[in-house]
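From first to last, the protein sequence lines are chains A and B.
Under my numbering, the residues of the first sequence are numbered 1 to 113, in order.
Under my numbering, the residues of the second sequence are numbered 1 to 113, in order.
Think of the hints as simulated: they come from the structure by calculation, not from any bench.
Computed from a prediction, not measured in an experiment: that's the story for all the values here.
Any given hint could be a false lead.
To be verified - Calculated lysine to any residue pairs in the SDA-like style (CA-CA distance at most 20 Å, straight line): (1) B/Lys83 with B/Asn28; (2) B/Lys57 with B/Thr76; (3) B/Lys42 with A/Gln54; (4) B/Lys78 with B/Pro8; (5) B/Lys42 with A/Ile7; (6) B/Lys42 with A/Asp27; (7) A/Lys42 with B/Phe65; (8) A/Lys42 with B/Glu44; (9) A/Lys1 with B/Glu56; (10) A/Lys1 with B/Thr76; (11) B/Lys42 with A/Ser85; (12) B/Lys57 with A/Gly95; (13) A/Lys68 with A/Lys42; (14) A/Lys42 with B/Lys83; (15) B/Lys57 with A/Tyr31; (16) A/Lys42 with B/Lys42.
As the list claims (entries may be wrong) - Cβ-to-Cβ under 7 Å is the rule here; a few derived chain A residues that face chain B: (17) Gln34; (18) Gly43; (19) Leu44; (20) Ser46; (21) Leu49; (22) Arg99; (23) Ala100; (24) Phe103; (25) Ser105.
Note that CB positions come from ideal geometry on N, CA and C, so glycine has one too.
Each chain, letter by letter, is given below.
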Amino acid sequence: KQEVTQIPAALSVPEGENLVLNCSFTDSAIYNLQWFRQDPGKGLTSLLLIQSSQREQTSGRLNASLDKSSGRSTLYIAASQPGDSATYLCAVRVGTGRRALTFGSGTRLQVQP
Amino acid sequence: EPEVTQTPSHQVTQMGQEVILRCVPISNHLYFYWYRQILGQKVEFLVSFYNNEISEKSEIFDDQFSVERPDGSNFTLKIRSTKLEDSAMYFCATQGGQNYGYTFGSGTRLTVV
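Pulled out of the complex, with its shape left as it was, chain B reads as follows (with noise of 0.2 Å):
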């Protein structure tokens, strides 16, 4: 079965560096979304992504954050300045039309020290 796959599993990352966090969606998909889990809290959207622009994004997704899709394969999430309260885990979520389920990736574990 066709696989969302994110990279790295886990980031340890001071204060005010900048992460840039990779995923590759499934082929033939094209809609592309980031959402976050901060530990014991709920999952909460980010940012969607299709034609090579943001189509929606949430109030947390701030001016540090950003995303591309630099080679037409890769999805990326650059956080610019890293702080504390970015701790989470962050998934990478791809779907194939309108009405399609989402897929999502094992997600990345970012830990700001």
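Excised from the complex, chain A in its bound form (with noise of 0.2 Å):
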């Protein structure tokens, strides 16, 4: 069964401070991974797509890489600013035939002003 990690649970930066948040998985035979941004008692909202045959993707100021014989990807960010306040969740999709995600249990960030 597929088990996702995140590290660290929760960190506080002050702003300007470049970051990095951990995810590993137990199953390497991943079909993609992505990231996610929560705001408290609100939805989902994607960050970052990367299929198992990439090893990294790039959005702004964001850069996911992804290591699947190792079973971990990191979320980079560059700069953080106080809008990027929020808990970061990193979800695995297992193989084709299956399209369920697994969630991690994310890594709540607070970026100081």
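Make one complex out of these two single chains by using the hints.
And the structure:
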């Protein structure tokens, strides 16, 4: 059974810092991996989608990498801003025959002005 | 940008009552999902729906749950006899195709009293 772990559980940084959020998964036979942002009491906003054949994806100040063989993904946020404060969730889709996403518990990020 | 719309945003119901949660998917999307998030816990997969039938479901999705797309636009989740432990945020999600990421709605907060 796929398990997804995110470290750290919470992170507080001053504005302007570059930071790395970590996601690990136990079954490396994934189809793709998606990073989401969740604001308190709100839905999930998709940030980046990485297919299993890709090593990284970039969108603005965000860069996500994927190392399938070691079961890891990182989300890099450059020049953090107070508006980046949210919970960041990592989710993996196991395989072509299955569509369900397995989520991690998230990293709660607070960027101090 | 196209959105997934969920109604109501918040529903309070008595234990044992039936509830129907509604979702309007993005119009050209083919795959539909329900997920839930109990307060303080991970987002969990409930069910996936494609071509007017369930394609995958989790252990959580037992006989008290059902899904349908009654009019070709709305996608609904029915909980037949609600229990206290059904209190959670329920998210609808849609996907345009096999290699696309998920788009989530903003959720319905269900409170069973």
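A quick look at each hint next to the structure:
1. The suggested pairing of B/Lys83 with B/Asn28 is violated, with an alpha-carbon distance near 35 Å, which exceeds 20 Å.
2. Restraint check: the Cα-Cα separation between B/Lys57 and B/Thr76 comes to about 15 Å, which is no more than 20 Å; the hinted pair holds.
3. For the hint linking B/Lys42 to A/Gln54, the alpha-carbon distance of about 26 Å lies beyond 20 Å, and the restraint is violated.
4. With a C-alpha separation of about 13 Å, the suggested pairing of B/Lys78 with B/Pro8 holds against the 20 Å cut-off.
5. For a cut-off of 20 Å, the pair hint linking B/Lys42 to A/Ile7 stands: about 14 Å separates their Cα positions.
6. Between B/Lys42 and A/Asp27, the direct Cα distance comes to roughly 18 Å. Compliance with the 20 Å bound is thereby established for this hinted pair.
7. With a CA separation close to 23 Å, the supplied pair A/Lys42 and B/Phe65 exceeds the 20 Å bound.
8. Between A/Lys42 and B/Glu44, the direct Cα distance comes to roughly 16 Å. Compliance with the 20 Å bound is thereby established for this hinted pair.
9. Our distance criterion of 20 Å between C-alpha atoms is met by A/Lys1 and B/Glu56, whose separation comes to about 15 Å.
10. Annotation: proposed proximity of A/Lys1 to B/Thr76 is violated, straight-line Cα distance about 28 Å (limit 20 Å).
11. In summary, the hint linking B/Lys42 to A/Ser85 is supported, as the alpha carbons are separated by about 19 Å, within the 20 Å threshold.
12. A distance of roughly 15 Å separates the Cα atoms of B/Lys57 and A/Gly95; the hinted pair therefore holds under the 20 Å criterion.
13. For the given pair, A/Lys68 sits about 30 Å from A/Lys42 by alpha-carbon distance, which is inconsistent with the 20 Å threshold.
14. Proposed proximity of A/Lys42 and B/Lys83 is contradicted: the alpha carbons are some 23 Å apart, above 20 Å.
15. Only pairs whose Cα atoms come within 20 Å are accepted, and B/Lys57 paired with A/Tyr31 is accepted, the gap being roughly 18 Å.
16. The straight-line distance between the Cα atoms of A/Lys42 and B/Lys42 is roughly 14 Å, inside the 20 Å bound, and the hint therefore holds.
17. Checking A/Gln34 against chain B: minimum C-beta separation of about 5 Å stays under 7 Å; hint holds.
18. Taken as an interface hint, A/Gly43 checks out: its beta carbon lies about 4 Å from the nearest beta carbon of chain B, inside 7 Å.
19. At a threshold of 7 Å, the smallest CB-CB gap from A/Leu44 to chain B is about 4 Å, leaving the interface hint in force.
20. At its closest, the beta carbon of A/Ser46 sits 5 Å from a beta carbon of chain B; the interface hint therefore holds under the 7 Å criterion.
21. The criterion of a C-beta within 7 Å of any C-beta in chain B is met by A/Leu49, whose closest approach is roughly 4 Å, and the hint holds.
22. Below 7 Å, beta-carbon pairs count as interface contacts, and A/Arg99 has one with chain B at about 5 Å; its hint therefore holds.
23. Evaluation of the A/Ala100 hint against chain B yields a held restraint, the C-beta minimum of about 4 Å falling below 7 Å.
24. A distance limit of 7 Å between C-beta atoms decides the matter here; for A/Phe103 the minimum to chain B is near 4 Å, and the interface restraint holds.
25. The interface hint given for A/Ser105 holds, since its Cβ lies 5 Å from the closest Cβ of chain B, which is under the 7 Å cut-off.
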